[in-house]
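Enquirer: Since chain S is already given, all that's left is putting chain A on it; use the hints.
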Amino acid sequence: MAITARHFVQTYVEDFKYWFGQKERQSSFRNLPEVRGSFTVQYPEQKLRVPERFRVLPVLIYEEDNGDCRCTACGICAKVCPPQCIWIVQAKGQEGKPKPKANEFYIDMDVCMNCGFCSEFCPFDAIKMDHVFELSNTERKKSHVYNMQDLLVSTEYYAQTHPRAWAKELAVIEEEAKKKKAKEVAAAAAAKKKAEEAAKAAVAGDAAATASAPASTTAAAPAKEPAAKPSGEDKPQ
Amino acid sequence: MMRSPGLHYWVESPHLFRDPSTANLVSKDLEKAEKLLKEAPSRKDAMEQVNGAYQSMYCCMQALLHSIQYKTTHMRCIFTIVEDYFIAKGILESVHLNNFLRGLKIEGTPQENAQAAEAMIAAVKKIVGK
Chain S
1 MAITARHFVQ TYVEDFKYWF GQKERQSSFR NLPEVRGSFT VQYPEQKLRV
51 PERFRVLPVL IYEEDNGDCR CTACGICAKV CPPQCIWIVQ AKGQEGKPKP
101 KANEFYIDMD VCMNCGFCSE FCPFDAIKMD HVFELSNTER KKSHVYNMQD
151 LLVSTEYYAQ THPRAWAKEL AVIEEEAKKK KAKEVAAAAA AKKKAEEAAK
201 AAVAGDAAAT ASAPASTTAA APAKEPAAKP SGEDKPQ
Chain A
1001 MMRSPGLHYW VESPHLFRDP STANLVSKDL EKAEKLLKEA PSRKDAMEQV
1051 NGAYQSMYCC MQALLHSIQY KTTHMRCIFT IVEDYFIAKG ILESVHLNNF
1101 LRGLKIEGTP QENAQAAEAM IAAVKKIVGK
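In order, the protein sequence lines correspond to chains S and A. With the first letter of the first sequence counted as 1, position 115 gets the number 115 in my numbering; the numbers rise by one all the way through. With the first letter of the second sequence counted as 1, position 12 gets the number 1012 in my numbering; the numbers rise by one all the way through.
In isolation and in its complexed conformation, chain S is listed as follows:
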C-alpha cells in the first residue's frame, strides 16, 4: 500500500510543482532522469532518455578533429569477448610488418550479448557501448555484421551520450598533461641545475688549475735546485 501510494505521489510531483508555479514545464519533462513515478510514454513518438550506463552494442571511437581511429588493433577486445563476436585484421606496413592500426574490424551484432567487456578492457578507450537500440531490419545476414565504417562514431557523439564518462576522461587527460608538464619542468630544472653545477665545477677546476699552475712551477723549481746542487757539488769532487 505504501509503495503504491509513493508511486502515486511521485507520478504527480512534477504536475504539482507546475500547478503551484514552482517549476516551468518542459516539453519533454518526462524524459528527465530525475523524474520518478509511473506514467505512460507514447513510444515511438515519445522516447525516454536512457541512462548513461545503458549499453546496447559496441562502437569504435574516432577523433572528431582529424578522424583518427583510436583503435590500435591490439586484439584485447576480441580475446575477452565471451561470445567471440569480434574480428580484427591488423594493418600491415610495406614490409609486411603489423602496424598499430586496424585494417578491418567486424562485430557480429547477432552474436554480441552486450556485456560491455570489450569497452571495459580496451586500454585505449577506443571501444565504447552505444545507446542506440532500434536496430531491427528486414535483412538477416549481411547487415548484422558491422564493419569499421558502421562502427566508427566521433568523440563528440560519445561526449553527448556519456557526459560524465567523457568529463572523467577529460579530467584524466588534463591530469596526465599536468603531470607530463610538471615532469618536463622538473627535468628542465634538473638539467639546468646540472648544467650550473657543471659550469661551477668547470670554473672551480679552472681556478684550481690556475692556482695549481704557479704552485707546481714553484714546487718544481726547488726540487730541481737541490737536485742540481748535489750534482754541482759532486762535480768538484
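Some clues are possibly wrong.
What follows is a set of in silico ranges between Cβ atoms, one per label pair, in the way DEER data are often shown [to be verified]:
| id | chain 1 | residue 1 | chain 2 | residue 2 | range |
| --- | --- | --- | --- | --- | --- |
| 1 | A | S1094 | S | Q22 | 54 to 62 Å |
| 2 | A | P1041 | S | T210 | 50 to 58 Å |
| 3 | S | A182 | A | D1019 | 35 to 43 Å |
| 4 | A | G1090 | S | T11 | 51 to 59 Å |
| 5 | A | E1093 | S | A186 | 48 to 56 Å |
| 6 | A | P1020 | S | E196 | 57 to 65 Å |
| 7 | S | G116 | A | G1129 | 45 to 53 Å |
| 8 | S | G75 | A | E1083 | 26 to 34 Å |
| 9 | S | V50 | A | K1028 | 32 to 40 Å |
By construction, these hints were calculated from the structure, which means they are not laboratory data. Note that beta-carbon positions come from the ideal geometry of N, C-alpha and C, so glycine has one too.
Expert: Relative to the frame of chain S, chain A by itself:
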C-alpha cells in the same frame, strides 16, 4: 555490410543534424587538410604518413558536409552522404571516396595516399568554390 538503408535513416538518426554555423568552417577544414598533407611526409614511418594523408582526406570530407550545412558524428553517415548526395549528383568522383576508404584502412603507399589527398583537396576546393 551496410547498416543504413540510405539518407533517410541518417536524417532520423541522432548522428546527422543541420547546423548553419558550419558554413564558416569550410575554409578552416580545407586549411587544416592542406596543413596535414604538408606535414604528412615528415612523420616518422610509412603508416603514420598514410594516416596523415587519411586525416587530410577526412578534413576534406568534413568540408563537403559543412558546405551543405550539415554535421555528422558517424563515419558511415559521411560515406552515405558523400555517396548518395555528392557522387550520385555527379558533383564528386567516386574515386575520392574509395581513396578515403583505403586511407581509413591504412592501405597503399604514402605516396599514393598523398596524391589521393592532394587530388581530393583540389576537387573539394572546386566544389565549395574556395
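Enquirer: To test your reading of the hints: which numbers does this structure violate?
Expert: Result: no hint breaks.
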